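In the order they appear, the protein sequences are chains A and B. Start counting the first sequence at -11; every next residue gets the next number (the working numbering). Start counting the second sequence at -11; every next residue gets the next number (the working numbering).
Since the hints were derived computationally from the structure, they do not count as laboratory data. All values reported here derive from a predicted model rather than from experimental measurement. Be careful, since some hints might not be right.
Pairs involving identical chains hold if they fit within one copy or between any two copies, as the list cannot separate such chains.
[Unchecked claim] Derived lysine-lysine pairs resembling DSSO-like cross-links, with alpha carbons at most 27 Å apart: (1) 201 to 155; (2) 259 to 50; (3) 76 to 196; (4) 50 to 201; (5) 187 to 155; (6) 220 to 50; (7) 155 to 99; (8) 76 to 292; (9) 99 to 132; (10) 259 to 213; (11) 287 to 132; (12) 213 to 99; (13) 155 to -7; (14) 50 to 99; (15) 196 to 213.
Protein chains: 2
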Amino acid sequence: MQNNKRFILASRPEGMPDETHLHLEEVPVQEPGEGEIALKTLYLSLDPYMRGRMNAGASYAKSLEIGDVMTGEAVSEVTSSNVAGFAKGDLVIGRTGWQTHSVATPDLLYKIDPALAPASAWLGVIGMPGFTAYVGLREFGKPKAGETVVVSAASGAVGQVVGQIAKMHGCRVVGVAGADDKCEYVVKNYGFDICVNYKDDDFEDKLKAACPKGIDVYFENVGGKVFEGVMKLINDFARVPVCGRIAHYNQTKLPEGPDRLIPFMGQILIKRLMFRGFIQSDHLELLPDFRRDMSQWLKEGKVKYQEDVVEGFDNALTAFQGLLQGRNRGKLVIKVA
Amino acid sequence: MQNNKRFILASRPEGMPDETHLHLEEVPVQEPGEGEIALKTLYLSLDPYMRGRMNAGASYAKSLEIGDVMTGEAVSEVTSSNVAGFAKGDLVIGRTGWQTHSVATPDLLYKIDPALAPASAWLGVIGMPGFTAYVGLREFGKPKAGETVVVSAASGAVGQVVGQIAKMHGCRVVGVAGADDKCEYVVKNYGFDICVNYKDDDFEDKLKAACPKGIDVYFENVGGKVFEGVMKLINDFARVPVCGRIAHYNQTKLPEGPDRLIPFMGQILIKRLMFRGFIQSDHLELLPDFRRDMSQWLKEGKVKYQEDVVEGFDNALTAFQGLLQGRNRGKLVIKVA
Chain A
-11 MQNNKRFILA SRPEGMPDET HLHLEEVPVQ EPGEGEIALK TLYLSLDPYM RGRMNAGASY
49 AKSLEIGDVM TGEAVSEVTS SNVAGFAKGD LVIGRTGWQT HSVATPDLLY KIDPALAPAS
109 AWLGVIGMPG FTAYVGLREF GKPKAGETVV VSAASGAVGQ VVGQIAKMHG CRVVGVAGAD
169 DKCEYVVKNY GFDICVNYKD DDFEDKLKAA CPKGIDVYFE NVGGKVFEGV MKLINDFARV
229 PVCGRIAHYN QTKLPEGPDR LIPFMGQILI KRLMFRGFIQ SDHLELLPDF RRDMSQWLKE
289 GKVKYQEDVV EGFDNALTAF QGLLQGRNRG KLVIKVA
Chain B
-11 MQNNKRFILA SRPEGMPDET HLHLEEVPVQ EPGEGEIALK TLYLSLDPYM RGRMNAGASY
49 AKSLEIGDVM TGEAVSEVTS SNVAGFAKGD LVIGRTGWQT HSVATPDLLY KIDPALAPAS
109 AWLGVIGMPG FTAYVGLREF GKPKAGETVV VSAASGAVGQ VVGQIAKMHG CRVVGVAGAD
169 DKCEYVVKNY GFDICVNYKD DDFEDKLKAA CPKGIDVYFE NVGGKVFEGV MKLINDFARV
229 PVCGRIAHYN QTKLPEGPDR LIPFMGQILI KRLMFRGFIQ SDHLELLPDF RRDMSQWLKE
289 GKVKYQEDVV EGFDNALTAF QGLLQGRNRG KLVIKVA
């Protein structure tokens, strides 16, 4: 009988998670009960939000309990099914976690159509990260032709899609990333107008030069010094969809003063800025629109994407650490089987 | 010949403005030229935003230059007119400044109908402050029946209207003010469900008890400890129209740390909060709707209001200092003539 490999939350990290927090263990593969479907994981998605789930205390969703399988979306193949409409060999996506095999009820699964996009893309460009980009721009960024849109984590799973959709709206698109090759990639492959490396000493000067008419939309994925640089260039009536704050996910204590919250609120007032935190799962009513639009864009070549595929389930933790440090190139997925 | 008394910005204050910053002077009354209208001020409006205009550097509007007449809206009577449609005795509102007489072109004036509301009310409940309340709730607060709306500066010119409109939407309305008699007033006269004095030592406990289901809309007029207390009770998907930050207008340096901006942005993300700074003058397309609705509400007694009328133009500076310290009761106006 085959075993199921899985990563378990063994203890809560402060700072970067490692082997003391995530234990790799093997248990027998579970048989599906009545109304259940047995799955073999093909691709596991690794995403920055997962770091938040490891903390105690509520975030968007309930945090993980100690002993839980690490949370995550995956593309799986049905190996046996006790549910009509799901047959051996079907491909599904679902929040089945960091494990090589799983058993799920059909309400938690979505059957994907590999004719529209390859299996792994359903975790990226046409999956949750692509949908995040779509929701954030459409509902909150609302870019208008001629405006300047700044995209942090520009080469990441969300950022690459944000930039390409903003280009379709006729915007000047300025990427920010943490490596020169990432910057080159988004300009060459996704049509970003320019991209700035936030690790450069003169980052703020470069960002200013890249945004001669200021910033109208800032798609916030990272926080930290990118956020600070953007706020110095932000225009009246700018919109800031707040999607992620990866620079702060491993932060363990409040930074020292002065307390910038008060001048920040003053800036919101005087410049009539709009800040809105969001998560794609609050907007599932837009999912059919997104799948229709994105499959069309992919077919027409209007949206391209890059995946960083790591082979082997056992490498998931190392790959996740790399993600939190910006070592991936494009959407990070683990090829499990 | 009559003199025009006026207050001039003599120097820029740091902290509370006084006689060294605003000089009272007398100059001959100006005659109207071609296309101009001569006015005698009846009521001068005093509003917190004026403090910002005294600083160097752009706020919403251009700041005042040294030597300028202090900015402000007033209700005036036409004393002579070289413009068709404006006759001696007509009442107008306009941004004519802190002076007893002025000369203006008709594009800067709006003829008021004293049959709809008394002259002074055109500076308050049916004027700019009332419109501010209307715009902020309608466009950004979007209160829904059953939600909890917290209104800071609850008894002020804006807050009193915010609370009454929110009640019409079927909300639980919680006021916050800086004096027990202000709190009693808004509950007794405007139908606020409850009002909490932020100067009480146990303010945060009282606010929590007043908001058993948390806070869905916070109409931000003040900043400071009210803002801090609210943020501890704010619900997922809350909306915060940022209208003013009076607690900080006289602040001269950044407060000490820790730097709360980073956890604040985390809260925006996790709770999917919406913050939006606004000023009524960006939304003048709503002014006809507002005047129609508000004159109807006043007629039906659905909206009530309180004015703090100070007699005598010379008292404008002292009254303005009182406004910045919360000493007024209701909308502050100077009865000039």
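Up to 27 Å CA-CA - residue 196 versus residue 76, copy category: neither (55 Å within a copy, 54 Å between copies)
Intra- versus inter-subunit Cα pairing at 27 Å for residue 287 with residue 132: within (25 Å within a copy, 42 Å between copies)
Residue 50 and residue 201: within-copy, between-copy, both or neither at 27 Å Cα: Answer is between; shortest inter-copy Cα gap is 20 Å, intra-copy 42 Å.
27 Å Cα threshold - placement of residue 50 relative to residue 259: This pair counts as between: shortest inter-copy Cα distance 13 Å, intra-copy 35 Å.
Within, between, both or neither: residue 196, residue 213 at alpha-carbon 27 Å: So residue 196 and residue 213 pass the 27 Å test inside one copy only (14 Å; across, 35 Å).
Within, between, both or neither, where residue 76 and residue 292 count as close if Cα-Cα is 27 Å or less: neither (31 Å within a copy, 69 Å between copies)
Intra- versus inter-copy proximity for residue 99 and residue 213 (alpha-carbon distance at most 27 Å): neither (40 Å within a copy, 51 Å between copies)
Identical-chain pair category, residue 99 with residue 132, by Cα at 27 Å: neither (35 Å within a copy, 37 Å between copies)
27 Å Cα threshold - placement of residue 99 relative to residue 155: neither (31 Å within a copy, 47 Å between copies)
Within, between, both or neither, where residue 155 and residue -7 count as close if Cα-Cα is 27 Å or less: neither (42 Å within a copy, 57 Å between copies)
Residue 259 and residue 213: within-copy, between-copy, both or neither at 27 Å Cα: Cα proximity of residue 259 and residue 213: in one copy and across copies (20 Å, 23 Å).
Alpha-carbon proximity context of residue 187 and residue 155, limit 27 Å: Within one copy only: 25 Å inside, 51 Å across.
Violated hints, in rising order: 3, 7, 8, 9, 12, 13; the structure is consistent with all others.
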